[in-house]
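Chains E and G, in that order, are what the protein sequence lines are. First residue of the first sequence: 130, per the working numbering; consecutive thereafter. First residue of the second sequence: 5, per the working numbering; consecutive thereafter.
FYI, nobody ran anything at the bench for these hints, they're computed from the structure. Where hints are given, some of them may not hold.
What follows is a list of derived Cβ distance ranges for each label pair [unchecked claim]: (1) N476/E with E110/G: 48 to 56 Å; (2) A52/G with R200/E: 16 to 24 Å; (3) K139/G with R360/E: 54 to 62 Å; (4) E110/G with D144/E: 29 to 37 Å; (5) N388/E with K41/G: 48 to 56 Å; (6) E374/E with P143/G: 34 to 42 Å.
Capping the alpha-carbon separation at 35 Å, the derived lysine-lysine pairs in DSBU-like fashion look like this [unchecked claim]: (7) K54/G with K179/E; (8) K215/E with K176/E; (9) K148/E with K127/G; (10) K134/G with K175/E; (11) K91/G with K134/G; (12) K395/E with K536/E; (13) K179/E with K41/G; (14) K179/E with K163/G; (15) K14/G with K281/E; (16) K151/G with K281/E; (17) K141/E with K151/G; (18) K148/E with K164/G; (19) K376/E with K281/E; (20) K277/E with K287/E; (21) K371/E with K287/E; (22) K364/E with K281/E; (23) K91/G with K14/G; (24) K141/E with K371/E; (25) K329/E with K358/E; (26) K14/G with K54/G; (27) K176/E with K163/G; (28) K281/E with K164/G; (29) K41/G with K14/G; (30) K115/G with K408/E; (31) K54/G with K201/E.
Footprint (simulated), chain G over chain E, 3 or more residues, beta carbon under 8 Å [what the hints assert, rightly or not]: (32) 155-169; (33) 266-277; (34) 313-321.
We put the beta carbon where it would ideally sit given N, CA and C, even for glycine.
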Amino acid sequence: MGQTIAEKILSKHADRPVKPGELIISNIDVVMVQDGTGPLAVNEFKKMGKGKLFNPERTILFIDHAAPSPRKELSNSHTVLRDFAKEYGAVLSEVGEGVCHQRLIESFVNPGEVLLGADSHTCTSGALGAFATGVGSTDIAVVMALGKTWLKVPSTYKIVLEGEFEKGVYAKDLILYLIGLIGADGATYKALEFTGSAVKNMTMSDRFTISNMAVEAGAKAGLFETDEKTREYLKQHGRENKFVEIKADDDAEYERVININLSDLKPMISLPHTVDNTKTIDEMPKVEVNQVYIGTCTNGRIEDLRIAAEILKNKKVKEGVRLLVAPASRQVFLQALEEGLITTLVNSGAAIVTSGCGACVGVHAGILGDGEVCLSSQNRNFQGRMGNTEGFIYLSSPATCAYSAIKGYIADVREVL
Amino acid sequence: MSILKGKAFKFGDNISTDHIAPGRLFHLRSNLPELAKHVLEDADPEFASKMSKGDFVVGGNNFGLGSSREHAPQIIKIAGVGAVLAKSFARIFYRNAINIGLLLIECDTDKINAGDELEVNIKEGYVYNKTQDIKLPFPPLPDVMIKLLNEGGLIEHIKKHGDFDLV
Numbered sequence: 130m131g132q133t134i135a136e137k138i139l140s141k142h143a144d145r146p147v148k149p150g151e152l153i154i155s156n157i158d159v160v161m162v163q164d165g166t167g168p169l170a171v172n173e174f175k176k177m178g179k180g181k182l183f184n185p186e187r188t189i190l191f192i193d194h195a196a197p198s199p200r201k202e203l204s205n206s207h208t209v210l211r212d213f214a215k216e217y218g219a220v221l222s223e224v225g226e227g228v229c230h231q232r233l234i235e236s237f238v239n240p241g242e243v244l245l246g247a248d249s250h251t252c253t254s255g256a257l258g259a260f261a262t263g264v265g266s267t268d269i270a271v272v273m274a275l276g277k278t279w280l281k282v283p284s285t286y287k288i289v290l291e292g293e294f295e296k297g298v299y300a301k302d303l304i305l306y307l308i309g310l311i312g313a314d315g316a317t318y319k320a321l322e323f324t325g326s327a328v329k330n331m332t333m334s335d336r337f338t339i340s341n342m343a344v345e346a347g348a349k350a351g352l353f354e355t356d357e358k359t360r361e362y363l364k365q366h367g368r369e370n371k372f373v374e375i376k377a378d379d380d381a382e383y384e385r386v387i388n389i390n391l392s393d394l395k396p397m398i399s400l401p402h403t404v405d406n407t408k409t410i411d412e413m414p415k416v417e418v419n420q421v422y423i424g425t426c427t428n429g430r431i432e433d434l435r436i437a438a439e440i441l442k443n444k445k446v447k448e449g450v451r452l453l454v455a456p457a458s459r460q461v462f463l464q465a466l467e468e469g470l471i472t473t474l475v476n477s478g479a480a481i482v483t484s485g486c487g488a489c490v491g492v493h494a495g496i497l498g499d500g501e502v503c504l505s506s507q508n509r510n511f512q513g514r515m516g517n518t519e520g521f522i523y524l525s526s527p528a529t530c531a532y533s534a535i536k537g538y539i540a541d542v543r544e545v546l
Numbered sequence: 005m006s007i008l009k010g011k012a013f014k015f016g017d018n019i020s021t022d023h024i025a026p027g028r029l030f031h032l033r034s035n036l037p038e039l040a041k042h043v044l045e046d047a048d049p050e051f052a053s054k055m056s057k058g059d060f061v062v063g064g065n066n067f068g069l070g071s072s073r074e075h076a077p078q079i080i081k082i083a084g085v086g087a088v089l090a091k092s093f094a095r096i097f098y099r100n101a102i103n104i105g106l107l108l109i110e111c112d113t114d115k116i117n118a119g120d121e122l123e124v125n126i127k128e129g130y131v132y133n134k135t136q137d138i139k140l141p142f143p144p145l146p147d148v149m150i151k152l153l154n155e156g157g158l159i160e161h162i163k164k165h166g167d168f169d170l171v
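Could you build the full structure based on these sequences and the hints that come with them?
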């Protein structure tokens, strides 16, 4: 019997053929924490008394969630990570280097590998054909020490994508549509595998956006096969030699198959307070916005900033609305500077925030006031997510965000494209 | 720990880790006993002050969705909650709870009201709702969970065996 992408990668890492539902011990290639989950992992690691890291060069600590630190307690947590990196030889990604998931795809993760991260959006790297999933700090502490973990092999949902996006519709709209369709727990414990003729036309940035949000349907991983686009991406980031072909067998077995024609999709909005609470833009009432946020591991890449800048060029953000933009990484920020996108965005009225998680995690840099509405390109709109239970978060593509910032309400970007 | 007794505190569907341990309290993550005083505050501001040791958190579908922050199950445990009962759990929360030794029970929580007196019989696999005099069966816990719970969590397991001894 053939295997899905998840089954293939996990078989290789368990050194035997594995089947869905089996409990396995899997070798882990890359392990990471961020400043919200890292200090606890460091603590648990020390409790175990193993003394050293299994693979220091591929143990990465990111300071991105509260970066730069807004409070002394968080500054002290950052110190814990810096000291640990120095003492044990782990890799440290400092304030301003960017969101962990963006940094991982740019510099650390390769096709066919297994990445375990103490962050739920670790699934982003699935777009590179890696099995990447989020776990907690204790799991990570053990991986740091032993280089392996226990996993239940997931069964897979095959998501077959055909057709082409209409103008104004993007990968973000597709993934919001899918989550609305199957629900926030619609794929709990499952792997999602995205395939079909539309995939080969998708940019890597599109694929990262889709994989990033797999967890919002409860999934363990969001996987793509590798192709020439994957190879090109790796080449641009200096590791073409890491390319390997990752592909499901033709006779692989899937628990469920979902077909989506991209040309049927419209710009999507996710309404407070769950990601699966979706509407098409046509179904939306007029919702005025106080804050618009473009950035994050979901949609803070150069491609996203290009789209936003094109819409905001020679336009002004509506009076009374604040537009925050956080390039997902330093690399993205530098590229955006070089292309003049930052000038365009700032001229339109945007405030540029440090590359990192920024306002999305509710720690700093864009906390909502009571009753305020934010439209964001991020992945989550839970109550209290942006630091205030009395705030209301709507999710959309960066294009919808940019146009809505001009209009002052959640607007249909197709009007200007 | 084969029979646990306590009162039900009822919550709805999709209780996220942001409800349990919100980002606005990020700075307390390095002080779990302090963070535990705010456990589930964004779902029920009075929960932490009203609950007694051994009481149960009772959710609906997809309890614990969202962020991987292990601080969420940690502070539920530190607050003294006997177990979390829900119709279903989000994957990472479930795994974290196993690893740190917090008991989770999947059962039909529609048949539990706020304030009901409950008895959880782990060995025989049922929740007895004393207030309503009904038994709610639950499937046996996975072997890996029983083993880790008995050994006091994943770190203790590794300390004892030097490696994984689960499969």
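Hint check results:
At roughly 54 Å, the beta carbons of N476/E and E110/G sit within the given window of 48 to 56 Å. Remark: the range hint 16 to 24 Å for A52/G to R200/E is upheld by a beta-carbon distance near 22 Å. Our hint of 54 to 62 Å for K139/G and R360/E holds, since their Cβ atoms are close to 59 Å apart. At roughly 32 Å, the beta-carbon separation of E110/G and D144/E lies within the given 29 to 37 Å, and the hint holds.
Between N388/E and K41/G the CB atoms are about 49 Å apart, so this pair conforms to the stated range of 48 to 56 Å. For the pair E374/E and P143/G, the supplied restraint of 34 to 42 Å holds, since their beta-carbon distance comes to about 40 Å. As the CA atoms of K54/G and K179/E are separated by approximately 41 Å, the hinted pair breaks the 35 Å bound. Distance check on the hinted pair: K215/E and K176/E sit about 19 Å apart at the alpha-carbon level, within 35 Å; holds.
A distance of roughly 30 Å separates the Cα atoms of K148/E and K127/G; the hinted pair therefore holds under the 35 Å criterion. Between K134/G and K175/E, the direct Cα distance comes to roughly 44 Å. Violation of the 35 Å bound is thereby established for this hinted pair. Among the hinted pairs, K91/G with K134/G is consistent with the structure: their alpha-carbon atoms are about 19 Å apart, no more than 35 Å. At most 35 Å may separate the alpha-carbon atoms for a hinted pair to count; K395/E and K536/E meet this at roughly 19 Å.
For the proposed pair K179/E and K41/G, the alpha carbon gap of about 32 Å is at most 35 Å, so the pair holds. Taking the CA atoms of K179/E and K163/G, the gap is about 9 Å. The hint holds against a cut of 35 Å. Of the supplied pair hints, the one linking K14/G and K281/E holds, its CA atoms being roughly 30 Å apart against a limit of 35 Å. Annotation: proposed proximity of K151/G to K281/E holds, straight-line Cα distance about 16 Å (limit 35 Å).
For the given pair, K141/E sits about 27 Å from K151/G by alpha-carbon distance, which is consistent with the 35 Å threshold. About 29 Å separates the Cα atoms of K148/E and K164/G, which keeps this hinted pair within 35 Å; it holds. A distance of roughly 21 Å separates the Cα atoms of K376/E and K281/E; the hinted pair therefore holds under the 35 Å criterion. At most 35 Å may separate the alpha-carbon atoms for a hinted pair to count; K277/E and K287/E meet this at roughly 27 Å.
For the hint pairing K371/E with K287/E, the CA-to-CA distance comes to about 26 Å; that is within 35 Å, so the pair holds. With a C-alpha separation of about 33 Å, the suggested pair K364/E and K281/E falls inside the 35 Å cut-off, and the hint holds. Distance hint between K91/G and K14/G is fulfilled; the C-alpha atoms sit about 12 Å from each other, no more than 35 Å. For a cut-off of 35 Å, the pair hint linking K141/E to K371/E stands: about 16 Å separates their Cα positions.
For the given pair, K329/E sits about 8 Å from K358/E by alpha-carbon distance, which is consistent with the 35 Å threshold. Straight-line distance between C-alpha atoms of K14/G and K54/G comes to about 12 Å, which keeps the hinted pair within the 35 Å bound. At most 35 Å may separate the alpha-carbon atoms for a hinted pair to count; K176/E and K163/G meet this at roughly 9 Å. Of the pairs offered as hints, the one joining K281/E and K164/G holds, with about 22 Å between alpha carbons and a cut-off of 35 Å not exceeded.
About 18 Å separates the Cα atoms of K41/G and K14/G, which keeps this hinted pair within 35 Å; it holds. Note on K115/G and K408/E: the hinted pairing holds, with a Cα-Cα distance of about 32 Å set against a maximum of 35 Å. At roughly 31 Å between alpha-carbon atoms, K54/G and K201/E fall within 35 Å of each other, so this suggested pair holds. Counting residues of the segment 155-169 of chain E whose CB lies closer than 8 Å to any CB of chain G gives 4, so the stated coverage by that chain holds, three being the minimum.
Only residues whose C-beta sits within less than 8 Å of a C-beta in chain G count toward coverage, and the segment 266-277 of chain E has 8 of them, enough to reach three; the restraint holds. Taking a C-beta to C-beta cut-off of 8 Å, the segment 313-321 of chain E contributes 4 residues in contact with chain G, enough for the three needed, and the coverage statement holds.
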